[in-house]
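Residue numbers (our numbering), protein chains in the order written: chain A, 190 to 546; chain B, 30 to 318.
Note that these hints are calculated values from the structure, not bench results. As the structure is a prediction and not an experimental result, all values here were calculated from the model. Virtual Cβ for every residue (Gly too), placed ideally from N, Cα, C. Just to be clear, a hint being listed does not mean it is correct.
Said to hold, decoys possible - Think about it this way: if two alpha-carbon atoms lie no more than 30 Å apart in a straight line, the pair counts; the simulated DSS-like pairs of lysine-lysine are:
(1) A:K309 <-> B:K313
(2) A:K309 <-> B:K213
(3) A:K299 <-> A:K309
(4) B:K213 <-> A:K299
(5) B:K213 <-> B:K313
(6) B:K313 <-> A:K299
As the list claims (entries may be wrong) - Which residues of chain B face chain A? A partial, calculated answer using Cβ under 8 Å:
(7) F91
(8) E219
(9) S221
(10) N225
(11) P233
(12) L234
Stated by the list, open to error - Pulled a few chain B residues facing chain A out of the computed Cβ check, cut under 8 Å:
(13) P209
(14) D211
(15) L212
(16) E214
(17) A217
(18) L218
(19) G220
(20) W224
(21) V230
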Amino acid sequence: MHAEQTRGAGAAVRLTNVARRWGSVAALDGVSLTVEAGSFCVLLGPSGCGKTTCLRIVAGLETASSGTVEIGGRDVTNLPPAARGVAMVFQSYALFPHLNVAENIVFGLKARSVPPADRKRRLDRAVEILGIGHLLARRPGQLSGGQQQRVALGRAIVAEAPVCLMDEPLSNLDAQLRADMRREILALQRRLGITMLYVTHDQTEAMGMADQVVLLRDGHIEQDAPPADVYATPATAFAASFIGTPPMNLIKLPESGAIAGTVLGPPGGGRLTGIRPEALRLMETGGETGISAIVSHAEYLGADTVVACHLADGQSLLARLPGRAGLPDGAAVTFAFDHADLHLFDAATGRRLVTPA
Amino acid sequence: MRKESLQAWLLLLPALVLLVAFTHWPAATTIIDSFYTTPKGSRPPRFVGIENYADLMTDPVFWTALRNNAIYAVWTIPASVILALVMALAVNTAMPGRALVRMAYFTPTMLPMIAVANIWLFFYTPDYGLFDHILSWFGGGRHNWLGDRATALPAMIAVAVWKEAGFFMIFYLAALQAMPPDLKECAALEGSSRWNFFRRVTIPLLMPTTLFVLVNAVINAFRLVDHVVVMTRGGPDNATTLLLYYIYEAGFRFWDQALAATLTVVLLGLLGLLAWLQFGVLGKRVHYR
Chain A
190 MHAEQTRGAG AAVRLTNVAR RWGSVAALDG VSLTVEAGSF CVLLGPSGCG
240 KTTCLRIVAG LETASSGTVE IGGRDVTNLP PAARGVAMVF QSYALFPHLN
290 VAENIVFGLK ARSVPPADRK RRLDRAVEIL GIGHLLARRP GQLSGGQQQR
340 VALGRAIVAE APVCLMDEPL SNLDAQLRAD MRREILALQR RLGITMLYVT
390 HDQTEAMGMA DQVVLLRDGH IEQDAPPADV YATPATAFAA SFIGTPPMNL
440 IKLPESGAIA GTVLGPPGGG RLTGIRPEAL RLMETGGETG ISAIVSHAEY
490 LGADTVVACH LADGQSLLAR LPGRAGLPDG AAVTFAFDHA DLHLFDAATG
540 RRLVTPA
Chain B
30 MRKESLQAWL LLLPALVLLV AFTHWPAATT IIDSFYTTPK GSRPPRFVGI
80 ENYADLMTDP VFWTALRNNA IYAVWTIPAS VILALVMALA VNTAMPGRAL
130 VRMAYFTPTM LPMIAVANIW LFFYTPDYGL FDHILSWFGG GRHNWLGDRA
180 TALPAMIAVA VWKEAGFFMI FYLAALQAMP PDLKECAALE GSSRWNFFRR
230 VTIPLLMPTT LFVLVNAVIN AFRLVDHVVV MTRGGPDNAT TLLLYYIYEA
280 GFRFWDQALA ATLTVVLLGL LGLLAWLQFG VLGKRVHYR
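Same shape as in the complex, but just chain A:
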């Protein structure tokens, strides 16, 4: 970290009951959330969940049908995008194809009539942070995807806005570059101390970068919590099935609450029990408190093996076992687990029920 570090330069973002409707279709339905100044918030969800709409409402590119947006304690609901103090990185990068890198980065500063000396200072700083000095005279068409991404970041940096919005900024990059940029964006956000609102459908990005994960589904918030909490105590069955690679197993419980003699939850039916694939351990066949299953396929990933199995009643179960499990298809296995690792959800509402003892 450098001496010029400017922690605390961010501004809090608060959405209160924000909704966006097109006719009878609600893209966002009463979303309220608070992002602390200088924190990294990831809006996570499958496509069509309203996360991009939410971001665009904060940016002012979309107007909310109802509700208010505050940035730094100021109500910006009816302000134009330029007056909100936000910078944005678009999924497509939105670089001007006819301008070179330097012109692209200072485009907004010129539009705002920032004096040339100040413009140069900000450009030099962004260029130094991103290491794109050798690209300044090139046009976007002459840059690789990763370089274009940096230019888009540069444009956001020179704006020196307290809030930075990113709409799936890494989705156009290959896997290796995506991992690098993930670290770089996080380091940048920490260094500049800005508030980040970051939209993605990739839960690994959310887990790796976020201070706060806001999981959206069908226009409402499923869970708003730090990533560790979303992982450890998912608020809904959807949250459980969205986070983790592979995601949590959700097993429909019969009336008895037990499958093949193993008690997985309280009796009564209408419940789902969840267990993370990595919480399952392979044990010798014939053990007493284990989940019996038949291996349908084992996928060896190097550090671990993901074993796809099916239970006696046909439900599928994934287990993530360390190393090379070496289980042939059709093998009968029994998994040991701790009861503390079980999560219980209401099958009808998807809501989390009290953790079984």
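Dock chain B against the given chain A, drawing on the hints supplied.
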């Protein structure tokens, strides 16, 4: 290998025959004819060198036609291109009846030139024509729009702008629709005014279209003949004689082959020069994606 090249030539043959018969061969003979006298009856054409060109330089009608054509080009080209851009920007926004307006703008392009000329002939008719009719409501007198030396050429220019602008609009509209909406949103976030965005982003990104449209506008301005034939026949007193109409008259009314060939070569040279200038000057400033 030889069989393949034979096949290739056979496939090229139909296009080649048509191109040579109707484009290259006539072009070559025109250039040759421009150095010979017009054959008349028993007198075969005689080689006269550049005498035809020297005669042309002293031909007052040629200079009138050239001047008329220059005025015609100087007005129709910028007027139709700017109008096309304005119309494209107008119909590129979300507004009710957008499809209808787009179609209306494009209608003049779909109409045959002769039909267009006849419609406008009615508009310009003294007394009961559209323009005189409207002017009469405001106490205006009768005008012989096409019969007056002062108004005949401007009247022709108006028809051309009306016809061309809709056609060029389609190209501008296509280019505007190909522009990613992200750019506009990004500029809005960066505090760029609409005018600044138009000047610094829209116009530069439309430059390839503008160049294409300009080249077409220039060519169209110098090859107009249909409207002149139907509406004025070059009159009054050559006030609406344009180069191509003069070529048509020389070639097919006076049967002066030498003059027609010489004029054609001059027109071709002029068009070539203009195209070269446009690509040379504008081409460097155009950003192609």
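Here is what the structure says about each hint:
1. A:K309 <-> B:K313: Between K309 of chain A and K313 of chain B the Cα gap is close to 28 Å, so the pair holds against 30 Å.
2. A:K309 <-> B:K213: holds, 24 Å
3. A:K299 <-> A:K309: holds, 11 Å
4. B:K213 <-> A:K299: holds, 16 Å
5. B:K213 <-> B:K313: Holds - the C-alpha atoms of K313 of chain B and K213 of chain B are around 25 Å apart, at most 30 Å.
6. B:K313 <-> A:K299: Cα-Cα ~25 Å, so holds.
7. F91: Violated, about 43 Å.
8. E219: holds, 3 Å
9. S221: holds, 4 Å
10. N225: It holds, given that the least Cβ distance between N225 of chain B and chain A is near 5 Å, below 8 Å.
11. P233: holds, 4 Å
12. L234: Holds, because the Cβ-Cβ distance from L234 of chain B to chain A comes to roughly 6 Å (cut-off 8 Å).
13. P209: holds, 6 Å
14. D211: At about 4 Å, which falls below the 8 Å cut-off, the nearest Cβ of chain A leaves the hint on D211 of chain B intact, so it holds.
15. L212: With a minimum Cβ separation of about 5 Å from chain A (threshold 8 Å), the hint on L212 of chain B holds.
16. E214: holds, 5 Å
17. A217: Given a least distance of 5 Å, the restraint on A217 of chain B holds.
18. L218: At about 5 Å, which falls below the 8 Å cut-off, the nearest Cβ of chain A leaves the hint on L218 of chain B intact, so it holds.
19. G220: holds, 4 Å
20. W224: W224 of chain B check fails; min Cβ-Cβ to chain A is 10 Å, beyond 8 Å.
21. V230: Holds, about 6 Å.
Hints 7, 20 from the list above are not met by this structure, while the remaining hints are.
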